[in-house]
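Asks: Protein chains in written order, with the working numbering: chain A, -7 to 310; chain B, 69 to 330.
Derived from the structure by calculation, the hints contain no laboratory data.
Just so it is clear, CB atoms sit at the ideal spot from N, CA and C, and this is done for glycine as well.
Check the hints yourself; a few may be wrong.
Just so you have them, the derived chain B footprint on chain A, three or more residues with Cβ under 8 Å [said to hold, decoys possible]:
1. 176 to 186
2. 195 to 208
Computed list of lysine to aspartate or glutamate pairs in DMTMM-like fashion (alpha-carbon distance at most 20 Å, straight line) [stated by the list, open to error]:
3. B:Lys91 - B:Glu302
4. B:Lys286 - B:Asp265
5. A:Lys(-2) - B:Glu222
6. B:Lys208 - B:Asp265
7. B:Lys91 - B:Asp299
8. A:Lys(-2) - B:Glu203
9. A:Lys304 - B:Glu222
10. A:Lys(-6) - B:Glu220
11. B:Lys208 - B:Glu263
12. A:Lys(-2) - B:Glu220
Facing chain B, a subset of chain A residues (Cβ under 8 Å, in silico) [to be verified]:
13. Leu170
14. Ser189
15. Ala192
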Amino acid sequence: MKLTPKSATLLVLAVLVALSPLFFPSGYYYRVGALIFVNGIAVTGIVILTGWAGQISLGHAGFAGIGAYACALAPAHWSLHPALAVVLGAAISALLAWLVGRPILRLRGYYLGVATLGFGILVSMVLNNERDLTRGPDGIEVPELGLRALLKGWGLDLSNGQFWYFFCGLCLIAGAWLALNLYNSPTGRALRALHGSEVAARTVGVDLARMKLQAFMISAVYASVSGSLLALQNKFITPDVAGFMHSIEMVTMAVLGGVGSVLGAIFGAGALTLLPQALTVFAEYEQMVLGLVMMLVMIFLREGLLPSILRKLRGRGE
Amino acid sequence: MTRSDKETLLSVEGLGIAFGGLKAVNNVSFGVRPGEIVSIIGPNGAGKTTLFNMISGIYLPSMGQVTLSGEDVTGIAPHLLARRGMSRTFQNLQIFQSMTVLENAIAGYHLQERGPVLADLFGLPSSRARAKRAEAGARKLLERVGLDRAAEREAGNLSYGSLKRLEIARALALDPKILLLDEPAAGCNAVETEEIDHLIAEVAASGVAILLVEHDMKMVMRISNHIVVLDHGEKIAEGDPATVSRNPAVVAAYLGAENADG
Ligand SMILES: Nc1ncnc2c1ncn2[C@@H]1O[C@H](COP(=O)(O)OP(=O)(O)O)[C@@H](O)[C@H]1O
Ligand SMILES: [Mg+2]
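So here's chain A without its partners, still in its complex pose (with noise of 0.2 Å):
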């Protein structure tokens, strides 16, 4: 039996969430894992916004800013609780979203960057400045989900670290799981149809506007997820969550892995998450040679690591 894409995809990221902790050499790399679980969340909406639907955002950490502050300000001041908090973020991100897709879609390439931009740059200011709120600068504590507890109650011992490990890994399978029904979906054809050519996809009857907006809306609910989870398993948060730097890493990844590609662009986010880490030796020029690498990337294999990757293989097995 063949696989489906679909199916390999899910089926490569749950063999890799469960069986990777059997080669971690300490119980950090459940936190390194985490993490990188949490960047390939919002990485897959990126996948969904410019990988399929050729709109570029520079600004989508102000959406995970949204939904890591979120777990913190709706349980301190509503005492709702962190997981509603998680959705309330989520809902929050749909609506602005929305509220700003709506007349910034209608740019298009270096315009929409530069318009998205200046919407992350407005968030981040806001969890800056607005101090009696998000205390600023220095950051805010976030209340504990309450899971693993649950789950200790259960008979389930995990530690923290791996508790986020698996909590995140799942998340991730759930959330690619997600873009991959829309993938081949109707609304998915859709997104790719316009981006292929928007006059093209106007004349068979896409509504430009509203399928960008869409895919603008789906996106962010991505990157708020992504926030609140960072913001959850961290039990603090800074504004830096919301940060152009942020953005800007959310991009790269996706567009390192293979923009198109679900899994190239989690692979991109594991790449980008793991490899300063391996980079350490180079001691102060880490950056740069992370900035040499990228850009060796970017030249040699501009599908993305993973997609080029796979086109190499497959290469040499015929």
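Once you have looked at the hints, place chain B with the ligands on chain A.
Replies: Just chain B with the ligands, lined up with the frame of chain A:
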């Protein structure tokens, strides 16, 4: 006889547009009835594609009116015209390159297969049923244009002639009342041209109104019910094929030029 009678499906009245100082199309009027093939001919740069772009909502005309099924549709967005039964192909191919041939054809069913985005995200049975129906229709259309065996290939890898036919399949997927074809046989060999010729006649026979731009004069003369001749954006003649081909102004502006070329 006046052609703007009640039966007319699409009527164009005094349509025009200027780019900068250039009047690319000026004061053009004609009508198309269901089941009829009306061809627009004229030398390169005469304004045929521009006329198509105005009728299909891509350009906003600076003068005149487009009426579809008795309703004024001037300046209406292309995706809304698609809902009203208008469909078209492009002279310069507009293919969804990185999608498969099959997906390109399915995209033509967008209006039939679209549904709630949440159903699509969660892969609900309703979403899969919609997609499945569209796929079945698309496979039949690909067979009709002779592309069924290329269904799973990436569209960008197909030959020019195949992509022309793929565009026709995608346009037919909308089950249009009126179909605009901009040089459907350009770049096709004699056999392919003949197939397209048959296909167009077949579609027209099923009651679809067809507006055709085509450089292959033999094909135009053979299948058109009515011909409109453009030159420098103006309508210089119209009538049935026999009348038009005898018109001295047409011979001078177009047929003559082509003879001189060949
Ligand atoms: N978007 C545009 N901007 C400026 N000029 C245009 C545009 N589209 C078409 N034209 C001009 O309008 C004229 C008619 O072009 P076109 O409609 O493509 O001719 P045809 O299809 O009959 O060969 C040409 O001179 C062309 O350069
Ligand atoms: Mg033309």
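Asks: Could you work out which earlier hints the structure fails to respect and list their numbers in ascending sequence?
Replies: none
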